[in-house]
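Engineer: Each chain is listed here by its residues.
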Amino acid sequence: MSEHRDGNALAGPLAEIFTVEATTAQVRCRACGLSTMLAQLVVYGPEPGLVARCPGCTEHVIRVATTPAGTWLDLGGATSFHFTSTATRAISP
Amino acid sequence: MTASRVETATAHTLSLRVDEWNGHLPGQHIDVRLTAPDGYQAVRSYSLAAPALDGVIEITVQRLPGGEVSGFLTDTAMVGDQFEIRGPLGNWFVWDQDDPSPVLLVAGGSGVVPLMSMIRARDRADIQTPLHLIHSVRTPQDRIYGDELTRLAARAGGPSVTWLYTRTAPPTETRPPGRLRRDDLDDGSTWTSGATPICFVCGPTGFVEEAANHLLASGHPADRIRTERFGGR
Numbered sequence: 000m001s002e003h004r005d006g007n008a009l010a011g012p013l014a015e016i017f018t019v020e021a022t023t024a025q026v027r028c029r030a031c032g033l034s035t036m037l038a039q040l041v042v043y044g045p046e047p048g049l050v051a052r053c054p055g056c057t058e059h060v061i062r063v064a065t066t067p068a069g070t071w072l073d074l075g076g077a078t079s080f081h082f083t084s085t086a087t088r089a090i091s092p
Numbered sequence: 000m001t002a003s004r005v006e007t008a009t010a011h012t013l014s015l016r017v018d019e020w021n022g023h024l025p026g027q028h029i030d031v032r033l034t035a036p037d038g039y040q041a042v043r044s045y046s047l048a049a050p051a052l053d054g055v056i057e058i059t060v061q062r063l064p065g066g067e068v069s070g071f072l073t074d075t076a077m078v079g080d081q082f083e084i085r086g087p088l089g090n091w092f093v094w095d096q097d098d099p100s101p102v103l104l105v106a107g108g109s110g111v112v113p114l115m116s117m118i119r120a121r122d123r124a125d126i127q128t129p130l131h132l133i134h135s136v137r138t139p140q141d142r143i144y145g146d147e148l149t150r151l152a153a154r155a156g157g158p159s160v161t162w163l164y165t166r167t168a169p170p171t172e173t174r175p176p177g178r179l180r181r182d183d184l185d186d187g188s189t190w191t192s193g194a195t196p197i198c199f200v201c202g203p204t205g206f207v208e209e210a211a212n213h214l215l216a217s218g219h220p221a222d223r224i225r226t227e228r229f230g231g232r
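Chains as they are written, first to last, in numbering that gives the first Met the number 0: chain A, 0 to 92; chain B, 0 to 232.
In case anyone wonders, no lab produced these hints; they're calculated from the structure. Mixed in with the good hints, there may be bad ones.
[Claimed, not checked] If the Cβ cut is set under 7 Å, some of the chain B residues that face chain A in the computed set are:
no.: 1; residue: Ser44
no.: 2; residue: Phe82
no.: 3; residue: Arg85
no.: 4; residue: Gly89
no.: 5; residue: Asn90
no.: 6; residue: Val160
no.: 7; residue: Thr204
no.: 8; residue: Arg228
no.: 9; residue: Phe229
no.: 10; residue: Gly230
[Unchecked claim] Which stretches of chain A does chain B cover? Using the computed rule of at least three CB atoms under 8 Å from a CB of chain B, they are:
no.: 11; segment: 15-24
no.: 12; segment: 50-58
This structure is a prediction, so every number in the text was calculated from the model and none was measured. Note that beta-carbon positions come from the ideal geometry of N, C-alpha and C, so glycine has one too.
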């Protein structure tokens with residue numbers, strides 16, 4: 000995969016960690032303050048891990064990497080996650 | 000895997016029987032995880048192509064050059080094989096069947112897969128919401144679901160379907176082959192209600208960026224455009 004994807008690709012990895020659907024959360028970038036739907040982050044990967052960057056300033060917001068020993072989740076590039084009422088809807092109907 | 004069906008020279012639809020599948024929303028995807036005998040694992044996302052039927056789900060996989068997972072699923076996997084899957088996934092790129100807004104679907108190549116899930120859901124639920132699919136393909140042979148879409152479009156209350164050809168067009172086509180242009184998406188003929196359409200755009204990243212920019216330039220509000228990029232060219 001030569002080009003980036005988007006935050007929709009994080010749905011699976013984050014479903015292993017969060018109890019609510021995460022891709023409809025609003026995420027605020029620590030570097031520039033832009034608030035973005037998680038599904039619209041710019042995502043590189045899948046190997047060695049998924050790196051989600053801010054569509055405004057391109058700084059990394061979220062990193063997820065699965066190794067044989069477990070999963071790393073780095074949220075250091077985000078200041079907040081806003082899980083709206085639509086985000087907390089059940090994942091399946 | 001209960002069946003494999005050839006869609007085009009490079010795309011296959013796989014039917015998967017899943018224990019305790021509780022249904023999914025049109026537009027959602029699954030992750031497929033393959034594990035090699037040496038323990039090496041690879042995970043890839045595939046859009047669900049249709050509503051579930053009796054616990055069987057469908058994904059359509061486009062073989063990518065050098066794609067280790069897509070190549071296995073299209074060329075090597077056989078009926079009876081078992082895969083690990085995770086899903087249904089994603090609540091952003093989904094169509095709400097109760098939303099009466101007209102629907103504009105824009106697909107590049109195999110980006111048509113999650114949009115077909117929306118079209119089939121609309122058809123099975125007999126929903127009359129106006130829906131227009133614009134599908135950009137290289138040649139007529141690359142029309143995934145081409146026969147089914149032609150059949151559905153011919154039906155009263157069916158979706159309207161437009162194919163755009165980037166390399167080779169059929170002889171009857173008046174539009175010269177070429178990449179997506181803004182006026183390709185400027186089709187207001189479907190929208191008789193005057194309501195603002197909800198737009199879903201899916202395809203290779205470059206295509207999605209171009210299409211979304213055309214839609215914005217044509218006056219579609221940003222919060223009515225949902226996008227899913229699967230990388231590649």
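Engineer: Confirm or reject each hint.
Structural biologist: Each hint, compared with the structure:
With its C-beta approaching chain A no nearer than about 6 Å, Ser44(B) sits inside the 7 Å limit, and its interface hint holds. The beta carbon of Phe82(B) comes no nearer than 14 Å to any beta carbon in chain A, farther than 7 Å, and the hint placing it at the interface is violated. For Arg85(B), the interface hint holds, since its Cβ comes within 7 Å of a Cβ in chain A; the closest pair sits about 5 Å apart. Taking 7 Å as the C-beta cut-off, the interface hint given for Gly89(B) holds, the closest approach to chain A being about 4 Å.
For Asn90(B), the interface hint holds, since its Cβ comes within 7 Å of a Cβ in chain A; the closest pair sits about 4 Å apart. Interface restraint check: Val160(B) against chain A, minimum CB-CB distance 24 Å, threshold 7 Å, status violated. Taken as an interface hint, Thr204(B) checks out: its beta carbon lies about 4 Å from the nearest beta carbon of chain A, inside 7 Å. Satisfaction of the interface hint for Arg228(B) is found here, the shortest Cβ-Cβ separation to chain A being roughly 5 Å, below the 7 Å cut-off.
Using the Cβ-Cβ criterion of 7 Å, the hint placing Phe229(B) at the interface with chain A is satisfied: the shortest such distance is roughly 6 Å. At about 4 Å, the closest approach between the beta carbon of Gly230(B) and any beta carbon in chain A falls short of 7 Å, and the interface hint on this residue holds. Taking a C-beta to C-beta cut-off of 8 Å, the segment 15-24 of chain A contributes 4 residues in contact with chain B, enough for the three needed, and the coverage statement holds. Given a C-beta distance limit of less than 8 Å, the hint that chain B covers the segment 50-58 of chain A is violated, as 0 residues qualify and 3 are needed.
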